[in-house]
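Peer 1: Assemble the dimeric complex from its two separately framed chains, guided by the hints.
Chain residues, written in single-letter form:
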Amino acid sequence: METKELIEKIKENVIQGRINKEDEGFDEGLDGEPGTVELIEEAIKTDVDAEEMVINGLTAGMEIVGARFESGEYLIPDMLASAEAVGAAMDLLAPHLEKSGVKSRGKFLIATVKGDLHDIGKNIVSIMLKGAGYEVIDLGTDVPAEKIAETAEQQKPKFVGLSALLTTTMREMENVINTLKEKGMRDDVKILIGGAPTSREFAEKIGADVHCADAFQAVEYTNSIH
Amino acid sequence: MTDSYREGMVVRPYERITGDEVRSLDRASRSILEDIGLQCFNEEATELFSKNGCRVEKHDERSYTIKIPGSVLTKALSSTPSVVKLGARDPKNSLLLDAEIPRIYFGSGSETNIWLDTEIETFVSEKDPTVKKRLPVFVEKRGTIQRLATAARLAEELENLDFFIRPVNIQDEDITEDNHDVNKFFASLSNTTKHVQAGLTSLDQLDNVLRIAELIAGGKEALKENPVISFITCTVKSPLQMVDDATQKLIEFSKRGLPFVVSSSPQGGSTAPITETGMVAQINAEILSGVALTQMVNPGSPVIYGSVPVRARMDNLHDMYCAPEFNQYNIDCIQMARYYKIPCYSTSGVGDSKVPGIQATIEKFFTHIPIAMSGAQYIHYSFGLLDRTNTFCPVQAVLDNQHIGMIKRFLKQPKFDKNDFDESMEQIRKVSASSQKLYARFVRKGLRSGEIYSHYPFEDKDGQDRVIETALGHMNELLSRPAKTVPSETEDEIFGKVPGLLPRLKKNH
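Protein sequence lines correspond, in order, to chains Z and R. Quick note: the first sequence uses this note's numbering, first residue 133, plus one each step. Quick note: the second sequence uses this note's numbering, first residue 10, plus one each step.
Isolated chain R, as found in the complex (with noise of 0.2 Å):
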């Protein structure tokens, strides 16, 4: 893999809890682990834990008790590697996810059903029939491949955008459990140069998706060295259970030495317990077990501690992103994996809003900030989501991209040097020396690097709120742009040698 890597942004991190609360949450982890014991569903997995040194029992007769010693624990976190790269079909938009700095990175995610479309119609009053309003009307329509493909075309050219997860699940006639992946990953990796992550539907199908990749990042040792994929596993269903499937799939990505995400998700008030201690105790007793197990299968290989805590909404039990306790888990994991060593994988921008607006913008800013202040390496969720992770809306992808660079911004390192000072004092001098004492003449080279922020792009000077269908014409001029697709031999090759591909994803279908 080349060495140059998306810039990101790399924080001073905020800390909630202190490096004894972070040593005693590793205390409770361990004991979790240690004497509760965790259920596990799958043979192989088993007989790994055994093998390394883990108390088994048979739990019933599909499942078996690990309980994984301190000592294992520790000797499996030990080649756990600090750092993680992810490459791109342009290297230059390659990631470095390196644990002990706190480089953020943004990327889109969830595998929503519906696609929320925008649409602006005129309103007229009926108090007053002369007054008319445009607004946006949304539209639901269902997940697609082509709407994938739109999807990785929009976050190509969304500059905060550092990563694509895809937002959509594909749900055509024609996509079956058997063309699912193949077709998931191309629709992503033909139409963005970003890094593209996923979860993988079949097993079955991991080495026609790595084929793919293979024949895109120019063969297998290239693929090694520019991983242009990598993967996401749920191996922990909470609380403390090792699923079979997900367990699978981890054990063969990591003997493949792929790069990919172990994330748990548990639920505070449900799946885990909703006070702070408990709920980050387990989550990180749970994700642990995972990145053991990658260790006890390929020492060395690379993983992601994946952390999703969310909270319980108490009148329907649906996740709920946007609490305030949502922040205190998250912020605590972060710092977790901080203390391991792992690059973290955290989520920021979900909420309970339905549609863009007032809710949707609260929610969202109300995670991205602290989540992004607390310094995980990868912050997925972030583009578009609405009705928690149930919906993506393309405006609000827009929207987001805004926000979160205007929060990239707000978090940049503070500019100390001496260059700095000496410009400052002597416009200073200037300014005290002139009749008017105005510094805005000094502002002008900034403002057109870029450097200094303007305004917000959305507003209308009419004082009306029209930021959604300003949002829209922006979205609907990115999307004019011409699709970064692969070449065109490349995807000859792909569609010749992949099986299952469908014809309308060609470029010159």
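Next comes chain Z alone, as it looks inside the complex (with noise of 0.2 Å):
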């Protein structure tokens, strides 16, 4: 397959949200076609310039399904299936990128905060995100602060996201930003709180950098942050 085919093939494919061959996306006839891994990993083995692929294949892709979903055209699950497609785009592109000099957007530390097992909207936005190109390091659901701490103190993440349903288990967040500071870290991240009991008001009482309503906030709001 030529290049610029190629390309144009890992961008439709990302419009369709499709991750590789088995998946069906949502127009007819795709079943079994290779899907974007596959064809990045083809991309690779051809050495096709890893930027390029990032840039008019991945990039060009998400701001078409993200202008369709302004229209209102797509929905959420077509923006996290596009996203996810180029989560598992950018896995496999990483150490290529890294070998070209070209830098992350950042990496991204994210938990849902410990006594709170619901990692649904985290999970949101650790697609939505990693789709958006960042490198999202994911805890997971009952985290403790001073494990989200430890890990900071490890990987040095621009942003730390924490996550919270209950009313009981949001005050824990309040615990991490304190445990941060005790640390001497809270100036090198930017704290990003979120969850159905959390608001602006209380991401201001407890010292947060932000409160996102939705996973698309968290995105805008990491991408103004240079």
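What the hints contain is simulated information worked out from the structure, not anything from laboratory work. Small disclaimer: the values here were computed from a predicted structure and weren't measured. Where a beta carbon is used, it is the ideal one built from N, C-alpha and C, also for glycine. All clues given are correct.
Sample of chain R residues with no beta-carbon within 12 Å of chain Z, all distances over it, derived:
id : residue
1  : S33
2  : D69
3  : E120
4  : V133
5  : L219
6  : E230
7  : T286
8  : I367
9  : I371
10 : K427
11 : G509
Pulled a few chain Z residues facing chain R out of the computed Cβ check, cut under 8 Å:
id : residue
12 : E156
13 : L207
14 : N255
15 : I259
So, partial list: chain R residues that the calculated Cβ filter (under 10 Å) puts toward chain Z:
id : residue
16 : Q445
17 : K446
18 : L447
19 : R450
20 : F451
21 : V452
22 : R453
23 : K454
24 : R457
25 : S458
Peer 2: As structure tokens, this is what we get:
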């Protein structure tokens, strides 16, 4: 396949939200056809420039997905599927981008705080951030403040995202922020919080940098920080 | 008639009463017909009842008491068809009413005098003049032939409307008793390709109306195969009085083998007992007397069991369609029709509210859902009616279309085939093995095909209630589409052969 055709196909598969050949997408006749992952692998094999794949394939595809979401043609499942496809592609491309000296958009450490097992919102944020080109370190659910601080110390993320669904567990977010302060890392990271019971007022009260009502606000905020 | 017909929605019927209760209501109705009898004001019907073994006694100078023995009724019911096919200008819009299959169709109805237009105005808060709100304002207008044509055009575009009964009375100055029928049928037929049903104002006009239908269907025989129109007769005035004029129409329709509804609409608490058993026993007897007469005229002629039992509202004795008893009466009647294996004409979506809004929506849903669940084949009055059956509001019809679509979807048969199970299991396997544990990606195909419900289309994202304004916008979009009129040569032929049609109904007028 010609480079131009390959990149065009990567873009189309991002628009269809197809991770791999098993994904049916939503248009007819895509079953069994190579998906984003297979196309990226082929592109890597044939030495297509990784940065070109990101700019003209993945990002160009996501721009169309974003515009369709804005117009109401696409809904959340479409956005997530496309972001997942981009995330899977970025996993494969990361070492090649590094080799070519292309910097990642930054590390994003994310966790559901201690005592809370709810993770749908956190997972959606992870998918969207990965799809937007961030390196996401997802610590999962019920994560103690100490573990978040330790990982932040080792990984040096640009952002820390904290999630909670319960009014009883949201208070734990303040504990995480205080632990980061105690370790002298508070000013090294931007802290984003989210989850049904949280609010802008609560974020201000506990000293977080921003409250995000949904995954789009999280991506918008991280993109605004250079 | 072609084998194609509208899909409708086959439901698993909700049954309110048991088989024993159905049989006891049947016995009660038979006892009413055999022991109490009905008062008949029509000579020809009286002769037919007498000839077929009924006991006939002079009631007064104008009427007779007819007593129908159980055996006579049973014989008449045995020749009543259980399947009635209703055709349409577009044969794909035909309807298959099979008494043994609870396939539901929804349609419009009632000859309202008021057409309610919707306008959106901006109102300024008295408290804070910087606060402005856009709100609907409703304007009452008179029903006209052009408005009937507009209603038919709208009906054509409402995907959940399966048949068209004129929802507006034509009150133009040049409409007379002689040209009323031809104009209302033509205005309806020339603007929708769906089945058209109406009552007949004047029996003298039956042949002219049939000529229009024949020219549209492609001839006399073609009309038999594809009956693009059908009729409604309200033969019995409750309690138990068979009126002269409507009974004569019943006889003429039956002689010609035309499909039609034999309808009765008693009011619980005024013209029928308010009790469930009393109401249903009486209305069932009233409908069965009409059905029996159709079979005495012409055995095997197609007829629909028209049950419209309502409650009297006790502060003004108006019909009340949104009472709990309404649902009880109507569901029982649907079961009775199923017992006799006659397709059932029922009612949903009528309320007391005079304008679209919260009250109207609640009242309509309150009958739309249970009547649909009960599996009546032919549900009328379901689009756009307000203030009982006095007002037709086209924006309300657009809202009803949406709500009926939601109900149809909810009543869809469960999908339990092996493919569906296998696909679901595969999804569970894949998502369980993933880190994100999200099923969202598997929703996409169904969302696009329309198999999965997306969201209420008239909501406002800012959290304001702009449902009516949004529905109005949608209605205007639907009405901007080209009308599906009859071909010009057919129209010319109709205008050449049928007297009384108003020239302004011609598309190139």
